[in-house]
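*Asks:* Below, each chain spelled out in residue letters.
Number of protein chains: 2
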Amino acid sequence: MTLIVAQLSETELLARIFPRLHSGTSMLLGPGDDAAIIAAPDARTVISIDTQVQDKDFRLLWPNGSASSGFDVGWKAAAQNLSDINAMGAVATAMVISLTLPGPTPVSWVEEFAEGLSAATVALGAGQCSMAGGDLSGGNEIVVTVAVTGSLQGRQPVLRSGAKPGDRLAVCGNVGQAAAGWALQESPLDPARHTAAMAAAAQLFARPQPPLAAGPAAALAGASAMLDISDGLLRDAGRIGTASAVALDFDGQALQALAEKLRESANALGLDPLAWVLTGGEDHGLLCAFPASATLPAGFFEIGSVVSFESSATGLTVDGRNFEGASGGARGWDHFAV
Amino acid sequence: MTLIVAQLSETELLARIFPRLHSGTSMLLGPGDDAAIIAAPDARTVISIDTQVQDKDFRLLWPNGSASSGFDVGWKAAAQNLSDINAMGAVATAMVISLTLPGPTPVSWVEEFAEGLSAATVALGAGQCSMAGGDLSGGNEIVVTVAVTGSLQGRQPVLRSGAKPGDRLAVCGNVGQAAAGWALQESPLDPARHTAAMAAAAQLFARPQPPLAAGPAAALAGASAMLDISDGLLRDAGRIGTASAVALDFDGQALQALAEKLRESANALGLDPLAWVLTGGEDHGLLCAFPASATLPAGFFEIGSVVSFESSATGLTVDGRNFEGASGGARGWDHFAV
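Line by line, the protein sequences give chains A and B. Under the numbering used here, the first residue of the first sequence carries the number 1, and numbering increases by one thereafter. Under the numbering used here, the first residue of the second sequence carries the number 1001, and numbering increases by one thereafter.
Hints are not guaranteed to be accurate.
[Claimed, not checked] Some residues of chain B that are not near chain A, with every Cβ distance over 10 Å (derived):
{"hint": "1", "residue": "Phe1018"}
{"hint": "2", "residue": "Glu1111"}
{"hint": "3", "residue": "Thr1145"}
{"hint": "4", "residue": "Asp1190"}
{"hint": "5", "residue": "Ala1197"}
{"hint": "6", "residue": "Asp1251"}
{"hint": "7", "residue": "Gln1256"}
{"hint": "8", "residue": "Ala1292"}
{"hint": "9", "residue": "Thr1295"}
{"hint": "10", "residue": "Phe1323"}
[Unchecked claim] Here are some of the chain A residues that sit facing chain B, going by a computed Cβ distance under 8 Å:
{"hint": "11", "residue": "Asp33"}
{"hint": "12", "residue": "Ala43"}
{"hint": "13", "residue": "Val46"}
{"hint": "14", "residue": "Ile47"}
{"hint": "15", "residue": "Ile49"}
{"hint": "16", "residue": "Asp50"}
{"hint": "17", "residue": "Leu61"}
{"hint": "18", "residue": "Asp84"}
{"hint": "19", "residue": "Ala87"}
{"hint": "20", "residue": "Thr100"}
{"hint": "21", "residue": "Gly134"}
{"hint": "22", "residue": "Ser137"}
{"hint": "23", "residue": "Gly139"}
{"hint": "24", "residue": "Glu141"}
{"hint": "25", "residue": "Thr145"}
{"hint": "26", "residue": "Arg160"}
[Claimed, not checked] When the alpha-carbon atoms are kept at most 16 Å apart in a straight line, the in silico EDC-like pairs for lysine to aspartate or glutamate are as follows:
{"hint": "27", "chain 1": "B", "residue 1": "Lys1056", "chain 2": "A", "residue 2": "Glu10"}
{"hint": "28", "chain 1": "A", "residue 1": "Lys164", "chain 2": "A", "residue 2": "Glu310"}
{"hint": "29", "chain 1": "A", "residue 1": "Lys56", "chain 2": "A", "residue 2": "Asp251"}
{"hint": "30", "chain 1": "A", "residue 1": "Lys56", "chain 2": "A", "residue 2": "Glu111"}
{"hint": "31", "chain 1": "B", "residue 1": "Lys1056", "chain 2": "B", "residue 2": "Asp1072"}
{"hint": "32", "chain 1": "B", "residue 1": "Lys1056", "chain 2": "B", "residue 2": "Glu1141"}
{"hint": "33", "chain 1": "A", "residue 1": "Lys261", "chain 2": "A", "residue 2": "Asp272"}
{"hint": "34", "chain 1": "A", "residue 1": "Lys56", "chain 2": "B", "residue 2": "Glu1141"}
{"hint": "35", "chain 1": "A", "residue 1": "Lys56", "chain 2": "A", "residue 2": "Asp42"}
{"hint": "36", "chain 1": "B", "residue 1": "Lys1056", "chain 2": "B", "residue 2": "Glu1186"}
{"hint": "37", "chain 1": "A", "residue 1": "Lys56", "chain 2": "B", "residue 2": "Asp1072"}
{"hint": "38", "chain 1": "B", "residue 1": "Lys1056", "chain 2": "A", "residue 2": "Glu141"}
Read the hints as simulated data drawn from the structure, not as lab findings. Glycine included, C-beta positions come from ideal geometry on N, C-alpha and C.
Work out the full structure, taking the sequences as your base and the hints as a guide.
*Replies:* Next up, the structure:
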């Protein structure tokens, strides 16, 4: 008999969750009161919130027969939230967690969720970040919401709006791997037949690896604009373009180099890996603009340049020309698109 | 034709939400980047998170024929989150909001949600608090999660753990009104036949009125312990008892005085109003312990005293005796209880 959520009281379930939550150095008062208290040493708190919904953002059972474990969903919740803080040039200080759980959810799934959340936080390099509290609700589908706070450590935030013509455009972290992994999960292809590269893509979709040291490093290197690539390179690049009132010109060879890393997965599915590079989200890498004089920090890969909006036909170009033939076009992930 | 969420892109829906969100004085960077930035003047940030789930915490259509409007759900989201900050003796600084929305949700419902959230924040006295950002997801039922931050303004927080034998026990705000309102909503009784007191209870269930000035006032008056009565007086009192390792003795006459305010609703439904006083949640009043020497701030109503755990049979007593006959007993609201 699998123990399910409906068989425990809220207090009993919390007693299983709390010991599995990581306590970092930033927590002044932890779970157990009406609210937690977090250190904000430079008198500012960065804050963001992200949600995953069952059968929208993850599946308990995928078409290829694999499962999203509680550990995976907890890992991704941590990764996508920590990435939002990273993309401001900040370091995470705390998370508060809301879980909406159907009664039949196995208690072990919830325990593994807490373990995945904590494991990702430590493994990705955010060990100072504390799990500071949360809320439990019943519902008909699993909904996981995490709000995360961060500290700028006295630095200025790196916004989307600071890119200037002449800046170099660079990415850090994976681009398109999560999209390849998602496509593999949604395909009928047996995971036992995945090559190592394909298995890695599936793993990066389940457990993204945002480069958490890179956000503060980019800020220190003088990045003029930065954001988390969560909805796809083109869509997120468009956000920098719009916020900064500039256009972005990609280097076609650099995009092809990123696509080559996805070649095995693409061939197995008969798809174009460039589409994953351009429109795949959820890798939670960083897209940054740096002044031409800046030295790119370790891990950044140059993929183009910022140009004046007047000199660009569409705001986003490759080698000065409009995009052609990339399936998906300029659209990335939209939660309500049909 | 009602415009529904599925007919808009995420960007279009956000464009309808953002102008309806209140901007307070505490926001250093608002929505539109990867994260927001909030002022934390005393280098500490108080944080909490709360969720409402459709058909668990609210109904789009109630058995008595009335509806939870988007405005109501937004109001309650603000009220319950602001109350958590109040209960620490702090003032709210920001909210981040996650909305999980089924495609058929009317866009007007979402707009009204944002309006209710903002209206409650201002009307309840938290105008300094900013709506700092959020996340939209698709799903099969509406799930609303708000995380809220606050500032202690240099004060020490008032925890659940500081009550001492000899302290006076007092409440501020409504007790049992939301439970009465909920029972009326769940009953077949036509709202058109409600008396003024019954209509007020239904309104207080839909739009709770947490006494937001009272938390900081209680802290300044030297409160030794405090919490938000969200799950019912007995259950929440038990939390102070457990955290403080004390027992609580209620004044039977004071409890009856609170019950009398619910008499009309109780008579209409043939129920005992004392049960609502003891186990009704969601009014988001405060339960406080004050040293005997303290002057109770305006709005606080004395309902008993803190006694040593050794002198009490069960940890919670009335006039020194165990509770008897109160339906619901010592149990308040549990999200997973059958």
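*Asks:* Against each hint, give a clear statement of whether it holds in the structure.
*Replies:* So, going through the hints one by one against the coordinates:
Its beta-carbon lying about 14 Å from the closest one in chain A, Phe1018 of chain B satisfies the requirement of being farther than 10 Å from that chain. Once the 10 Å rule is applied to beta carbons, Glu1111 of chain B is consistent with being away from chain A; the minimum gap is 15 Å. Its closest Cβ contact with chain A, about 4 Å, brings Thr1145 of chain B to no more than 10 Å, contrary to its assignment away from the interface. Against chain A, the non-interface label of Asp1190 of chain B holds: every CB pair exceeds 10 Å, the least being about 29 Å.
Against chain A, the non-interface label of Ala1197 of chain B holds: every CB pair exceeds 10 Å, the least being about 29 Å. No Cβ of chain A comes within 10 Å of the Cβ of Asp1251 of chain B; the nearest lies about 24 Å off, and the non-interface call holds. Non-interface status of Gln1256 of chain B relative to chain A is upheld: no Cβ of that chain comes within 10 Å, the nearest being about 28 Å off. Chain A leaves Ala1292 of chain B outside its interface by the beta-carbon criterion, the shortest separation being 24 Å against a cut-off of 10 Å.
At the 10 Å boundary, the C-beta of Thr1295 of chain B stays outside the reach of chain A, the nearest C-beta of that chain being 23 Å off. Once the 10 Å rule is applied to beta carbons, Phe1323 of chain B is consistent with being away from chain A; the minimum gap is 19 Å. The beta carbon of Asp33 of chain A comes within 5 Å of a beta carbon in chain B, closer than 8 Å, and the hint placing it at the interface holds. The restraint placing Ala43 of chain A at the interface with chain B holds, with a minimum CB-CB distance near 5 Å, inside the 8 Å limit.
Interface hint at Val46 of chain A: satisfied, since its Cβ lies 5 Å from the closest Cβ of chain B, which is below the 8 Å cut-off. Annotation: interface hint on Ile47 of chain A holds; nearest CB of chain B at approximately 5 Å, less than 8 Å. At about 4 Å, the closest approach between the beta carbon of Ile49 of chain A and any beta carbon in chain B falls short of 8 Å, and the interface hint on this residue holds. Interface hint status for Asp50 of chain A: upheld, as the beta-carbon distance to the closest one in chain B is roughly 5 Å, under 8 Å.
With 8 Å as the threshold, the beta carbon of Leu61 of chain A stays out of range of chain B, its nearest partner Cβ sitting at about 17 Å, so the hint is violated. Given the 8 Å rule on beta carbons, the hint for Asp84 of chain A holds: about 5 Å separates it from the nearest Cβ of chain B. Look at Ala87 of chain A: its Cβ gets to within about 4 Å of chain B, closer than 8 Å, so that hint holds up. Taken as an interface hint, Thr100 of chain A checks out: its beta carbon lies about 6 Å from the nearest beta carbon of chain B, inside 8 Å.
Hint on Gly134 of chain A holds. Least Cβ distance to chain B is approximately 6 Å, under the 8 Å limit. Interface hint at Ser137 of chain A: satisfied, since its Cβ lies 5 Å from the closest Cβ of chain B, which is below the 8 Å cut-off. Given hint, Gly139 of chain A at the interface with chain B, holds; its Cβ is 4 Å from that chain's nearest Cβ, closer than 8 Å. About 6 Å separates the beta-carbon of Glu141 of chain A from the nearest beta-carbon of chain B, less than 8 Å, and the hint is met.
The beta carbon of Thr145 of chain A comes within 4 Å of a beta carbon in chain B, closer than 8 Å, and the hint placing it at the interface holds. With its C-beta approaching chain B no nearer than about 6 Å, Arg160 of chain A sits inside the 8 Å limit, and its interface hint holds. Under the criterion of a C-alpha separation no larger than 16 Å, the hint pairing Lys1056 of chain B with Glu10 of chain A is consistent with the structure, at around 15 Å. Of the pairs offered as hints, the one joining Lys164 of chain A and Glu310 of chain A holds, with about 13 Å between alpha carbons and a cut-off of 16 Å not exceeded.
A C-alpha spacing of about 33 Å is found between Lys56 of chain A and Asp251 of chain A, which places the hinted pair above 16 Å, so the restraint is violated. Pair hint Lys56 of chain A plus Glu111 of chain A does not hold up; C-alpha atoms about 22 Å apart against a cutoff of 16 Å. The hinted pair formed by Lys1056 of chain B and Asp1072 of chain B meets the criterion: a straight-line CA distance of about 15 Å does not exceed 16 Å. At most 16 Å may separate the alpha-carbon atoms for a hinted pair to count; Lys1056 of chain B and Glu1141 of chain B meet this at roughly 10 Å.
Distance check on the hinted pair: Lys261 of chain A and Asp272 of chain A sit about 12 Å apart at the alpha-carbon level, within 16 Å; holds. At roughly 12 Å between alpha-carbon atoms, Lys56 of chain A and Glu1141 of chain B fall within 16 Å of each other, so this suggested pair holds. Between Lys56 of chain A and Asp42 of chain A, the direct Cα distance comes to roughly 38 Å. Violation of the 16 Å bound is thereby established for this hinted pair. Distance check on the hinted pair: Lys1056 of chain B and Glu1186 of chain B sit about 12 Å apart at the alpha-carbon level, within 16 Å; holds.
The suggested pairing of Lys56 of chain A with Asp1072 of chain B is violated, with an alpha-carbon distance near 27 Å, which exceeds 16 Å. Proximity of Lys1056 of chain B to Glu141 of chain A is assessed by CA-CA distance (about 12 Å); at most 16 Å being required, the pair is judged to hold.
When held up to the earlier numbered hints, the structure conflicts with 3, 17, 29, 30, 35 and 37 and fits the remainder.
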